[in-house]
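Trainee: Single-letter residue listing:
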Amino acid sequence: MSESNERVVVLAGGLAHERDVSLRSGRRVSEALRQAGFEVDQRDADMHLVPSLQADPPACVVPLLHGEDGEDGALQEVLALLDVPHVGSSAAACRLAFDKAVAKSVVAAVKVSTPDAMALPAETFRELGAASVMDAVVERLGLPIVVKPTRGGSALGVQVVHRREDLPSAMVGCFAYGPVALVERFVEGTEVAVAVVDDDSGPRALPAVEIRPDGGVYDYSARYTAGATEFVVPAGLPQPLSKACADAAIAAHRALGLRDLSRSDLIIDDDGTVWFLEVNVSPGMTETSLVPLAVEADGTSLGEVCGGLVRRAIARG
Amino acid sequence: MPSGDRPAQPGDSSGRAPVPVGRPTRLDAYVDRYAARTKGMSASEIRALFSVASRPEVVSLAGGMPNISGLPLDIVGSTLHELVLDRGTEAMQYGGGQGDSTLRAQICQVMRPEGIDAHPDDVVVTVGSQQAVDLVTRVFCDPGDVVLCEAPSYVGALGVFRAYECEVVHVEMDDDGLVPEALRQAIAAVRAAGKSIKFVYTIPNYHNPAGVTLSSARRPEILDICAEADLLILEDNPYGLLGFGRDPDRALRADEADRVVYLGSFSKTFAPGFRVGWALAPHAVREKLVLAQESATLCPPTFSQLAVSSYLATHDWQGQIKQFQETYRERRDAMLDALADQLPSSATWTRPDGGFYVWLTLPEGLDVKAMLPRAVTERVAYVPGTAFYADGFGSRCMRLSYCHPSPERIREGVRRLAGVIQAELELRETFGAALPREPRGYEGPNTDLS
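For the record, the sequence lines run as chains A and B.
Per my numbering, the very first residue in the first sequence carries number 1; after that it's consecutive.
Per my numbering, the very first residue in the second sequence carries number 1001; after that it's consecutive.
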């Protein structure tokens, strides 16, 4: 293949809470790229990374670091500083997308529905009194509500709260993952994920993946225990809803200025409204992840898709 | 749009072709075929967080890896070299299911300082003492049988008991180890419920995770209680020779040969990579263990056995253990000093006289497992206390291990941990009144429940 001499560095691991997921994503994408003919060097993001990229610059870096290590834009800033092409969004776009509260605001501005929510730092509860703030939150959003860190992934620190008395421990659990909590109205419905891939004709939505976790909640265990969740891809949606999901994911991708690949997590309620929850700029690529399922349902392969993204990144320079 | 079992091809009212619906998949072709006992085997956030703990930036006070940096690798290397040259074909061949006879005789010598007078015929060599726990459970326990364990107890043994579908009933400990009266009560309560107790599992010396040692005064009492109740004792003793400035305690097995299965290991006194441990058992039990061993592995690894045997025969292994004791004592001191300097007065912890672990108890209302992500962010790791209970207790406790990091790293790790605890205390102050409290169950070692 023409790219057989192109050396690609796949970055996986890091120090974020999702290190284990990242390593598994890295292994899978590395193998897919090797099968696509690339020379792949998978490595961790540690203190040796920058010197090694400087000493022996690869044709392209594929960041598969999940969580802050790879999705908050800092890594992309460094790669830009080093003039190393990379797959994925720019630093500025990552910053917007990684903060769930910011991303929701940006996406809401382009008329995509997103559940009412508020971002509250731990200090707010301390300074204003936790009980009264929590009362106000519940009064405004109702119950149940979802508590999640504004920055993070893999549902780490996420809890669905059905009773007011369970809210304090959910908040404490959430703040263990980060300083700001997003408290969001819970939307009951069909959970789907839509991957968006950029190609020469612009962003294109892959078939939606419907998620049916056994326990009803798509938490960490449901995500990474093989067999614990049933997936349907393409999702069992009527055409208008399927299109509405694709449109929402593409609108989010565009509004946030994302590039190459993103995955939007959506809920379709009983009225058929598509609600945007969050977007991932470095979505999981593990054996139980959603994007590889969507790629397969699209009739292509992970190697083909990732190879195409690598070639685009190299051409971009 | 309901998410239930909708028709496979819903279509729409516009008359356009419906979007094809995929076949449901669970990404595991065998999902319906696993044994019922695998039900609890699932990915967990805690396990994921430990992946970060392997990075050098993180001070891991979590793992129990022996510190073997002081091993004389040149001597071990030449011992292995000679083993291969002189007895290579024997060392790389199958062996007997009970284990090498020379090694079994040496094991009897290793147990002597603890007052055990054993015959090599009663020793079964195993793949670490972990396999001995497995074999003993395999030959004694049917699903639903009860095993009495200290509260808390060794996570690896709890995993074995779970795998054999045993019911674990915890028995209270304090700073002097297993509490005799609590043991009496537990036996009575379990039997009153019509359940069968198969054995009492105990780690009498430098307990993992609690760090405490069963006092010499209590040892005969524990033996008497088990004799009265006609109960077998599984005495797990991997750390017994690793006391700090004290002679080894007298083993329970030293005073009761017929009622105790004693488990030992070279993982802490030599090196864990060889995976050599043993069980010393009454003859009838020993015969069952040999048969169970043969069905599990055919034989324990011959190369490892001969390597350990050669090491014991040619090296001052007792001197090496003294060096290990110093290594661990220095680290224990560093941890205890750092805890005293850094932690709030509301925290309590055990003060081990040997072994690897300190058991830390935080004020009520703190959830140590929920706190772990913050700790990992601050680059320090520990094992949450709930791992050491089969019944969900231990949520405000943690195991801190001092065996592997340097004293400087231990001090830094405790400094980071103190910051994490402080942040959690502040959160508790903010949200605390409504946080769930752990129901009272066991008064753990050095746990102030006032």
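Hints should not be assumed to be uniformly reliable.
Said to hold, decoys possible - Covered stretches of chain B, as calculated for chain A (at least 3 residues, CB under 8 Å):
| no. | segment |
| --- | --- |
| 1 | 1045-1055 |
| 2 | 1368-1381 |
Unchecked claim - Take a look, some chain B residues computed to stay more than 12 Å from chain A by CB distance:
| no. | residue |
| --- | --- |
| 3 | Pro1024 |
| 4 | Met1041 |
| 5 | Asp1086 |
| 6 | Met1092 |
| 7 | His1119 |
| 8 | Asp1145 |
| 9 | Pro1220 |
| 10 | Glu1426 |
| 11 | Phe1431 |
Claimed, not checked - Taking beta-carbon pairs under 7 Å as the criterion, some of the chain B residues facing chain A (in silico):
| no. | residue |
| --- | --- |
| 12 | Thr1025 |
| 13 | Leu1027 |
| 14 | Val1031 |
| 15 | Lys1039 |
| 16 | Ser1042 |
| 17 | Leu1427 |
| 18 | Thr1430 |
Think of the hints as simulated: they come from the structure by calculation, not from any bench.
C-beta: ideal position from N, C-alpha, C; glycine also.
Trainee: Each hint: holds or not?
Mentor: Hint-by-hint comparison with the structure:
no., hint, in the structure
1, 1045-1055, "holds (count 7)"
2, 1368-1381, "holds (count 8)"
3, Pro1024, "violated (5 Å)"
4, Met1041, "violated (8 Å)"
5, Asp1086, "holds (43 Å)"
6, Met1092, "holds (33 Å)"
7, His1119, "holds (48 Å)"
8, Asp1145, "holds (28 Å)"
9, Pro1220, "holds (45 Å)"
10, Glu1426, "violated (7 Å)"
11, Phe1431, "violated (4 Å)"
12, Thr1025, "holds (5 Å)"
13, Leu1027, "holds (5 Å)"
14, Val1031, "holds (4 Å)"
15, Lys1039, "violated (11 Å)"
16, Ser1042, "holds (4 Å)"
17, Leu1427, "holds (5 Å)"
18, Thr1430, "holds (5 Å)"
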